[in-house]
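Visitor: Letter by letter, the chains look like this.
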Amino acid sequence: MLDFPRWKVISISLLLAFGVLMSIPSLIGESGQKYWPSFLPNETINLGLDLQGGSHILLEADPADVATARLETMEESVRAEMRRATPRIGIGDISRRDGVLSFMVRDSTQVDAARDAIVPLTTGAGLTGQRDWNIEVRDDTRFVLTPTEAGLENAVENAMETATDVIRRRIDEMGTREPTIIRQGDNRIVVQVPGLDDPEALKALLGQTAKLEFKLVDFEADPNMVAAGRAPVGSQIFPYPDSPSGVPNIAVKRLGGISGDKLTDAGQGFDPQTNAAVVNITFDSEGGSKFARLTQNNVGRPFAIILDGQVLSAPNINEPILGGSAQISGNFTTESANQLAIALRSGALPVELKIVEERTVGPDLGKDSIDKGMIAAIIATVAVLTFMVVTYGRFGMYANIALALNLFIIVGVMAMFNATLTLPGIAGFVLTVGAAVDANVLINERIREERRRGRRVIQAIEVGYKEASRAIMDANVTNIIAGVLLFMFGSGPVKGFAVVLMIGIASSVFTAVVVTRMFVALWVKRARPQELVI
Amino acid sequence: MRLLKLVPDDTNIGFLKWRNIAMAFSILTIIASIGLVAAKGLNFGVDFVGGQMIQATFTETETAPISELRNNIGALGYGEATIQRFGDANEVSIRMRLPAEAESRPEAAAEMTEKIVSTIKADHADVRIDGVESVSGKVSSELFETGAYSLLFAMIAISIYIWIRFEWQFGVGALFALVHDVALTFGLFALTQMEFNLNIVAALLTIIGYSLNDTIVVFDRIRENLKKYRKMDIIALLDLSVNETLARTVMTSLTMLIALGALILWGPDVIFGFSVAMFFGVFVGTYSSVYMAAPILIWLKVGPDTFVPAESANDKAEKMGGPEQIG
Numbered sequence: 000m001l002d003f004p005r006w007k008v009i010s011i012s013l014l015l016a017f018g019v020l021m022s023i024p025s026l027i028g029e030s031g032q033k034y035w036p037s038f039l040p041n042e043t044i045n046l047g048l049d050l051q052g053g054s055h056i057l058l059e060a061d062p063a064d065v066a067t068a069r070l071e072t073m074e075e076s077v078r079a080e081m082r083r084a085t086p087r088i089g090i091g092d093i094s095r096r097d098g099v100l101s102f103m104v105r106d107s108t109q110v111d112a113a114r115d116a117i118v119p120l121t122t123g124a125g126l127t128g129q130r131d132w133n134i135e136v137r138d139d140t141r142f143v144l145t146p147t148e149a150g151l152e153n154a155v156e157n158a159m160e161t162a163t164d165v166i167r168r169r170i171d172e173m174g175t176r177e178p179t180i181i182r183q184g185d186n187r188i189v190v191q192v193p194g195l196d197d198p199e200a201l202k203a204l205l206g207q208t209a210k211l212e213f214k215l216v217d218f219e220a221d222p223n224m225v226a227a228g229r230a231p232v233g234s235q236i237f238p239y240p241d242s243p244s245g246v247p248n249i250a251v252k253r254l255g256g257i258s259g260d261k262l263t264d265a266g267q268g269f270d271p272q273t274n275a276a277v278v279n280i281t282f283d284s285e286g287g288s289k290f291a292r293l294t295q296n297n298v299g300r301p302f303a304i305i306l307d308g309q310v311l312s313a314p315n316i317n318e319p320i321l322g323g324s325a326q327i328s329g330n331f332t333t334e335s336a337n338q339l340a341i342a343l344r345s346g347a348l349p350v351e352l353k354i355v356e357e358r359t360v361g362p363d364l365g366k367d368s369i370d371k372g373m374i375a376a377i378i379a380t381v382a383v384l385t386f387m388v389v390t391y392g393r394f395g396m397y398a399n400i401a402l403a404l405n406l407f408i409i410v411g412v413m414a415m416f417n418a419t420l421t422l423p424g425i426a427g428f429v430l431t432v433g434a435a436v437d438a439n440v441l442i443n444e445r446i447r448e449e450r451r452r453g454r455r456v457i458q459a460i461e462v463g464y465k466e467a468s469r470a471i472m473d474a475n476v477t478n479i480i481a482g483v484l485l486f487m488f489g490s491g492p493v494k495g496f497a498v499v500l501m502i503g504i505a506s507s508v509f510t511a512v513v514v515t516r517m518f519v520a521l522w523v524k525r526a527r528p529q530e531l532v533i
Numbered sequence: 000m001r002l003l004k005l006v007p008d009d010t011n012i013g014f015l016k017w018r019n020i021a022m023a024f025s026i027l028t029i030i031a032s033i034g035l036v037a038a039k040g041l042n043f044g045v046d047f048v049g050g051q052m053i054q055a056t057f058t059e060t061e062t063a064p065i066s067e068l069r070n071n072i073g074a075l076g077y078g079e080a081t082i083q084r085f086g087d088a089n090e091v092s093i094r095m096r097l098p099a100e101a102e103s104r105p106e107a108a109a110e111m112t113e114k115i116v117s118t119i120k121a122d123h124a125d126v127r128i129d130g131v132e133s134v135s136g137k138v139s140s141e142l143f144e145t146g147a148y149s150l151l152f153a154m155i156a157i158s159i160y161i162w163i164r165f166e167w168q169f170g171v172g173a174l175f176a177l178v179h180d181v182a183l184t185f186g187l188f189a190l191t192q193m194e195f196n197l198n199i200v201a202a203l204l205t206i207i208g209y210s211l212n213d214t215i216v217v218f219d220r221i222r223e224n225l226k227k228y229r230k231m232d233i234i235a236l237l238d239l240s241v242n243e244t245l246a247r248t249v250m251t252s253l254t255m256l257i258a259l260g261a262l263i264l265w266g267p268d269v270i271f272g273f274s275v276a277m278f279f280g281v282f283v284g285t286y287s288s289v290y291m292a293a294p295i296l297i298w299l300k301v302g303p304d305t306f307v308p309a310e311s312a313n314d315k316a317e318k319m320g321g322p323e324q325i326g
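Protein chains in written order, with numbering that gives the first Met the number 0: chain A, 0 to 533; chain B, 0 to 326.
No lab work stands behind these hints, which were simulated from the structure alone. A hint or two may mislead.
Stated by the list, open to error - Straight-line alpha carbon distances no greater than 25 Å define the calculated DSS-like cross-link-like pairs of lysine-lysine that follow:
hint, chain 1, residue 1, chain 2, residue 2
1, B, Lys226, A, Lys465
2, A, Lys465, B, Lys227
3, B, Lys4, B, Lys226
4, A, Lys7, A, Lys33
5, A, Lys261, A, Lys289
6, B, Lys120, A, Lys366
7, B, Lys4, A, Lys465
Stated by the list, open to error - What follows is a list of derived Cβ distance ranges for each label pair:
hint, chain 1, residue 1, chain 2, residue 2, range
8, B, Ile234, A, Gly453, 23 to 29 Å
9, B, Glu141, A, Ala403, 51 to 57 Å
10, B, Glu113, A, Thr161, 45 to 51 Å
11, B, Glu79, A, Pro62, 34 to 40 Å
12, B, Asp125, A, Ala403, 22 to 28 Å
13, B, Thr60, A, Thr385, 37 to 43 Å
14, B, Gly13, A, Pro4, 43 to 49 Å
Unchecked claim - Part of the chain B face toward chain A, derived, beta carbon under 7 Å:
hint, residue
15, Asp8
16, Ile215
17, Thr254
For glycine and all other residues, C-beta sits at the position ideal for the given N, C-alpha and C.
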């Protein structure tokens with residue numbers, strides 16, 4: 000056992016050298032990395048948000064919102080198809096109650112034509128050949144459209160995919176560096192943005208759906224009814240917080256509006272007359288011609304600019320707007336106008352996202368944590384190193400070299416996988432210092448014991464390593480079990496702790512058992528000790 | 000060179016003599032811990048009950064004006080604030096429940112933060128906001144659930160591993176030792192009312208892993224001795240095993256405590272609770288591997304036949320030879 004062939008010594012040394020080499024770019028810091036030759040590995044450890052400061056935000060969509068939006072879209076599509084059919088199919092008694100869309104076809108001879116027109120509105124969903132909507136005809140003329148489970152799942156999935164893209168575009172627009180945006184579960188998105196000056200702005204930007212609509216104001220509506228929140232037939236009431244009349248409601252026509260999702264650009268600007276902050280938008284060609292038609296047909300009448308279900312302003316259409324660009328006025332500050340511009344540029348979210356968890360750490364606290372963590376780590380290491388030498392002499396020294404190599408290897412492996420070091424991860428480091436020497440304590444105590452029982456030096460060392468290895472192995476497997484569970488169940492920073500812990504366990508078994516044995520073997524071969532100070 | 004020996008050679012302390020008293024004491028402390036948790040409750044952080052925590056440092060002030068803050072924030076109408084010192088005397092954490100409407104209107108939480116921060120800033124220009132955590136009721140109950148499950152799974156998975164590697168009696172012994180360590184750590188947090196958050200669950204899981212180290216080392220020696228000394232009385236054998244591993248137990252626990260002590264004294268404030276939990280866990284873990292795990296083996300009737308069936312025992316004994324004949 001103590002006979003170490005040359006190839007083993009060389010391969011162990013190479014492995015150790017590789018670990019140390021990998022760790023250097025992370026240890027020398029950004030200033031040192033400039034002088035680090037580029038042909039050498041240059042991966043570094045990432046610092047977690049809790050160490051470098053930044054925001055972690057968990058966004059959640061409500062699948063019920065997606066379902067509601069789908070019903071609305073379906074209703075509009077059905078209306079449009081029925082109008083477009085030749086001859087036109089008359090429908091009535093439309094309802095969206097209980098999550099299903101139902102309506103009557105006025106002329107029972109047109110039921111088949113209506114069905115033919117509606118079927119193409121549905122598509123296949125899922126693997127079972129199901130469609131995304133079930134179409135039923137009850138009592139000869141009543142159509143009932145029920146969304147299927149698979150269809151809804153698809154819709155949520157698509158909405159979340161789009162939402163993730165939109166969020167990424169919005170954050171990129173803010174110009175922050177290295178954001179992490181990942182889907183989590185069915186209906187959540189995790190956003191992590193390091194080193195942020197203004198977390199509130201980020202939250203405001205993420206929380207905004209940015210669904211823009213232009214609808215005609217129903218100026219014939221009875222003001223008393225509007226104030227009471229009741230809409231005339233064909234109109235609906237929207238909240239209008241900054242209304243000049245003081246009534247926080249306004250009635251707009253249900254039909255004939257256009258949506259503001261067909262934009263090519265949006266930017267913050269100032270109104271040339273009032274000098275107030277506004278958002279300038281440019282439609283694409285389709286949206287531009289729709290907007291031109293809307294304004295041409297309604298010169299002299301007011302239209303409402305609606306953002307996320309709230310009216311921003313209701314200006315008069317003084318002249319047709321044909322150029323495809325328009326100005327959104329509202330009670331904006333420069334910042335809020337800029338924010339809206341960013342949100343409009345990156346597109347509307349297909350579903351409202353709510354912030355269900357937020358963790359923001361300021362850069363000063365992060366810096367403070369790193370400093371204190373380093374101090375604690377250094378003190379712990381020096382104390383443990385001293386303790387080991389005082390107790391085990393030469394064998395303690397070997398254990399200490401192994402421990403130092405172990406720390407380098409942990410850093411190196413973490414850098415290799417671009418792992419993230421979090422604050423609990425630093426605690427993991429300190430803990431590894433305490434625990435890694437346990438293997439050597441076990442071995443050395445066993446060697447002491449075997450010497451006391453009268454074994455010769457070499458035999459005592461051999462038995463010591465062999466007998467201690469069993470307990471070392473069992474102890475470390477249980478630690479790995481705990482580490483795996485930590486990783487599976489822990490959130491962000493705790494996961495970082497689990498990573499350090501597991502890498503530490505694996506590399507400490509290697510350094511504490513294999514590497515120290517090599518040191519001891521080489522020493523025994525050279526010195527042929529008859530006595531052992533341990 | 001003379002080396003340090005914390006534990007003299009060939010100790011022969013009758014640990015197991017005290018097993019009944021120790022077991023009674025252990026069970027009492029477990030019950031007391033459960034009682035403490037039931038009576039005083041745990042001071043759950045926002046991770047587990049939802050709500051908002053703002054960390055602030057008064058950079059130019061020596062001591063944070065805690066009672067003034069409590070009054071001013073209370074006057075905002077968001078309910079009572081839980082304000083605690085956090086690290087140095089000029090650092091505080093302010094915990095609030097989320098406003099009731101935050102479930103339907105998430106902006107409400109951000110508005111509350113802004114109001115609180117501007118209230119503090121109005122009177123104290125030197126304040127620095129170090130962090131904001133806001134966790135909704137839904138997310139916090141999920142975190143609570145996964146935390147509880149992970150503790151449970153860890154204890155069970157590790158006990159099963161011990162059962163496979165040793166025998167079922169050892170698995171039961173390990174499980175009891177783990178329950179003891181975890182219960183007492185909970186008791187400590189109920190007693191001191193230190194904040195119980197996600198980091199503490201991480202600490203508990205790590206304690207579960209490390210406290211097992213001791214237990215395994217003792218178990219491993221018991222197994223070895225059971226094979227070696229087939230005629231020895233079980234109590235004497237357990238005592239021998241504990242004594243033989245005593246030097247290692249003391250050394251390892253000490254290195255762990257040194258490392259953790261450094262974290263408590265000089266480490267980052269944010270993980271103070273974590274470090275305390277670990278320190279305490281290592282301490283009680285060492286005790287439990289001697290006084291919880293080992294005595295249970297006696298009651299579960301572990302004997303020489305547990306590992307080596309009686310018929311093959313004779314050839315085995317011959318092959319191994321007595322330890323006295325070696326050297």
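Visitor: Which earlier hints turn out false for this structure, listed by number in ascending order?
Guide: 3, 4, 9, 10, 12
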